[in-house]
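From first to last, the protein sequence lines stand for chains A and V. So the first sequence is residues 26 to 387, counted in the numbering used here. So the second sequence is residues 26 to 387, counted in the numbering used here.
Hints may be right or wrong, so weigh each one.
One copy or any two copies: either way a pair holds, since identical chains are not told apart in the list.
[Said to hold, decoys possible] With a straight-line Cα cutoff of 20 Å, these simulated SDA-like cross-link-like pairs (lysine to any residue) come out: (1) Lys359 / Ser59; (2) Lys48 / Ala117; (3) Lys235 / Asp185; (4) Lys71 / Arg61; (5) Lys286 / Ser259; (6) Lys333 / Val260; (7) Lys338 / Asp64; (8) Lys359 / Asp64; (9) Lys261 / Gly356; (10) Lys373 / Gly243; (11) Lys359 / Pro265.
If you're looking for bench data, these hints aren't it; they were derived computationally from the structure.
Protein chains: 2
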Amino acid sequence: MSRKLYFTAGPSALYFTAEEHLKNALREQIPSLSHRSIDFQNIYRKAAGNLRELLGIPEDYYVLFLSSGTEAWERLLQNCVTERSCHMVNGAFSQRFAETAQALQIKTEIFNAQPGSCSKPEELILPDNTEFIALTHNETSTGAMQPAGDIAAIRKAFPDTLLAVDVVSSAPYLTFPVSLVDSLFFSVQKGFGLPAGLGVWVVNERCLRKTEQKQDEGFSIGSYHSLPNLVAHSVKYQTPETPNVLDVYLLAQVTEDMNLKGIGQIKQETNYKAAVLYQAIEQCNYLQPFVRNKECQSKTTIVAELQKDMDHKRLLDYLAGKNMEVSTGYGEYKNQHIRIANFPTHSKEQIEMLADALLAYP
Amino acid sequence: MSRKLYFTAGPSALYFTAEEHLKNALREQIPSLSHRSIDFQNIYRKAAGNLRELLGIPEDYYVLFLSSGTEAWERLLQNCVTERSCHMVNGAFSQRFAETAQALQIKTEIFNAQPGSCSKPEELILPDNTEFIALTHNETSTGAMQPAGDIAAIRKAFPDTLLAVDVVSSAPYLTFPVSLVDSLFFSVQKGFGLPAGLGVWVVNERCLRKTEQKQDEGFSIGSYHSLPNLVAHSVKYQTPETPNVLDVYLLAQVTEDMNLKGIGQIKQETNYKAAVLYQAIEQCNYLQPFVRNKECQSKTTIVAELQKDMDHKRLLDYLAGKNMEVSTGYGEYKNQHIRIANFPTHSKEQIEMLADALLAYP
């Protein structure tokens with residue numbers, strides 16, 4: 026059977042070099058390596074170094090490993106917030122970030138934007154004592170991407186508040202300098218095209234100081250994955266627990282491949298492929314972009330709304346017949362949207378094929 | 026280069042069928058599967074069903090997925106203890122279970138036994154309000170395994186206290202019926218011979234009720250990996266976050282292979298191989314079992330103490346020259362012990378080869 030082309034929003038297609046790296050990992054017996062060995066430290070060092078280059082992570086930020094982006098929500102809030110966090114919510118995932126805070130008994134200020142749009146920074150008014158702003162760069166459920174200038178505007182308006190950005194479905198396609206934010210995080214099964222089971226958490230010294238302050242005030246900051254414990258291990262290129270060594274290895278390899286191509290080239294290709302998809306969606310009489318404001322249209326997860334009363338399943342079956350899989354809509358939009366991943370692994374040819382298929386839908 | 030034989034205590038050698046399953050997973054594009062798909066639900070169902078058969082997990086226990094055994098310490102304590110836990114400590118890992126409780130601001134009663142020995146159940150005296158007993162079936166740092174009858178004795182003495190057992194380095198070699206305990210947990214990179222990055226947490230209804238009670242009393246029980254959230258997803262064979270789908274798939278396959286062999290046969294072989302190793306260690310004039318009491322000698326992680334002033338590195342180099350790797354001692358015993366994994370993947374022939382090498386050490 027020929028292979029399926031996964032344009033799903035995550036897990037998605039493996040990065041096109043990942044399979045070969047995985048076979049090498051087996052030959053090199055990577056899964057049997059001790060996580061306390063120098064070999065593992067070298068893998069961690071390489072993965073972190075490559076990520077610094079690819080994403081432009083400043084030297085004074087830590088690169089830490091968690092098990093998922095979902096875990097990053099919890100660890101950020103558990104470590105960096107004592108009382109109150111502020112959440113810019115415009116879809117299911119930014120909403121869940123806020124709900125994570127509530128589950129941890131943190132008071133939340135929520136700034137809602139309509140699904141398919143983005144909050145405007147100028148509407149963000151915070152109580153003086155707000156410790157933390159949670160922003161979702163790319164809302165995977167709706168395909169809305171916060172415009173490039175907004176993060177700079179928020180940083181400028183609130184220089185003293187911790188600013189944490191969920192880049193789960195945008196990384197490595199960042200549209201802002203990492204130095205503008207105090208923390209960002211992602212999981213590897215989306216833009217990095219790797220098997221799920223690894224999260225990457227980037228944090229600066231300000232986050233660490235806030236955590237230490239919280240701890241000094243007598244609050245618990247969790248156990249093995251507290252920020253100070255993660256940092257103490259990371260400076261030795263280790264992790265507190267036995268991590269997903271195989272995925273850290275694959276991340277080191279795939280980010281090397283991406284750096285060889287160059288982040289500039291990756292972004293250019295992403296922009297081109299996104300344009301091809303949006304153009305096809307505009308041209309199909311049965312589809313339109315769910316995100317109307319072009320400035321907020323995601324380049325990495327493109328969401329199209331189906332014409333009312335259209336048979337959603339028939340479209341998915343048609344694509345499946347061409348060996349292509351896209352994601353359904355998320356939550357309440359399940360039967361009203363399709364969501365298309367446009368990650369670095371998706372080639373121009375594959376995206377053009379998908380665009381042609383959408384245009385030719387009978 | 027010929028492959029190394031990993032007798033390390035974890036990560037260890039892959040299960041001998043794991044590599045083939047991993048290649049099949051790539052062919053079947055398992056890493057691209059949505060964790061919300063029926064395909065993933067079938068993988069979860071199969072892994073859980075196989076584990077029930079292999080370990081004798083009763084139907085009314087939940088089989089949940091975490092990212093490590095280390096995470097299981099945190100989740101158990103965060104969910105199932107409000108004020109006070111009791112820990113039977115006889116080495117570095119049982120100690121860390123207790124420290125996890127302290128980091129979560131739980132009061133701990135600690136019953137220490139000498140490293141290399143096990144606590145005696147009859148010495149365990151608990152305050153009336155103790156909610157939780159933490160026991161480590163096999164202390165990986167010292168090679169002490171709690172004797173088979175002890176868990177039944179503890180259960181009998183404290184029928185109303187939650188009893189949670191760390192079987193990280195013993196499973197699938199359990200020496201007690203799962204129904205005797207309220208929870209057990211392990212990670213897959215030891216006895217199951219899989220890449221690290223997945224933990225399995227088995228819990229019963231009593232644990233769930235305790236969690237709900239803690240929540241009703243106004244305490245936080247965490248967020249995405251709270252026990253009620255894990256259970257609510259598990260009954261649909263789903264997980265709250267995108268899990269390590271590849272490892273869940275491999276676990277389903279490897280446990281099928283283990284069930285074909287049968288747990289009885291696996292235990293018999295483990296006993297035989299352990300006897301071969303202990304005999305060799307007794308016969309070597311430069312080694313002796315660190316655990317003197319034969320009843321407490323682990324069958325799955327065999328720890329040998331080196332003759333005083335012996336050159337530790339020379340022994341490890343000698344074994345490395347024969348393409349064999351064992352673990353060093355743990356922590357303070359780093360240069361005084363070697364630790365040998367005797368997991369289901371290690372064949373009789375491999376163990377005999379290692380025993381011969383130890384006996385022939387010049």
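>> I want to check one pair: Lys235 and Asp185. Are their C-alpha atoms no more than 20 Å apart within a copy, between two copies, both, or neither?
In response: For Lys235 and Asp185, the Cα distance is within 20 Å only inside one copy (11 Å; across copies 41 Å).
>> As a check of your reading, is Lys359 near Asp64 (CA-CA no more than 20 Å) within one copy, between copies, both or neither?
In response: Intra 45 Å, inter 18 Å, cutoff 20 Å: inter-copy only.
> Given identical chains, is Lys261 near Gly356, meaning Cα to Cα at most 20 Å, within a copy, between copies, both, or neither?
Replying inline: between (42 Å within a copy, 17 Å between copies)
> Are the CA atoms of Lys71 and Arg61 at most 20 Å apart within a copy, between copies, both, or neither?
Replying inline: within (16 Å within a copy, 33 Å between copies)
> Within a copy, between copies, both or neither: where do Lys359 and Pro265 come within 20 Å Cα-Cα?
Replying inline: Answer is between; shortest inter-copy Cα gap is 18 Å, intra-copy 39 Å.
> Between the shortest in-copy and the shortest cross-copy C-alpha distance, which are at most 20 Å for Lys373 and Gly243: within, between, both, or neither?
Replying inline: neither (54 Å within a copy, 53 Å between copies)
> With identical chains treated as interchangeable, where does the CA-CA distance between Lys286 and Ser259 reach 20 Å or less: within a copy, between copies, both, or neither?
Replying inline: The answer is neither: 27 Å in one copy and 41 Å across copies each exceed 20 Å.
> Between copies, within a copy, both or neither: which fits Lys48 and Ala117 at Cα up to 20 Å?
Replying inline: neither (36 Å within a copy, 35 Å between copies)
> From the Cα coordinates, with 20 Å as the cut-off, is the pair Lys359 and Ser59 best called within, between, both, or neither?
Replying inline: Between. Shortest inter-copy distance 14 Å satisfies the 20 Å Cα cut-off; intra-copy 43 Å does not.
> For Lys333 vs Val260, is the C-alpha pair at or below 20 Å within one copy, between two copies, both, or neither?
Replying inline: neither (54 Å within a copy, 34 Å between copies)
>> Regarding Lys338 and Asp64, is the shortest C-alpha distance of 20 Å or less found within a copy, between copies, in both, or in neither?
In response: Between copies only: 18 Å across chains, 48 Å inside a chain, cut-off 20 Å.
The structure shown violates the earlier hints numbered 2, 5, 6, 10.
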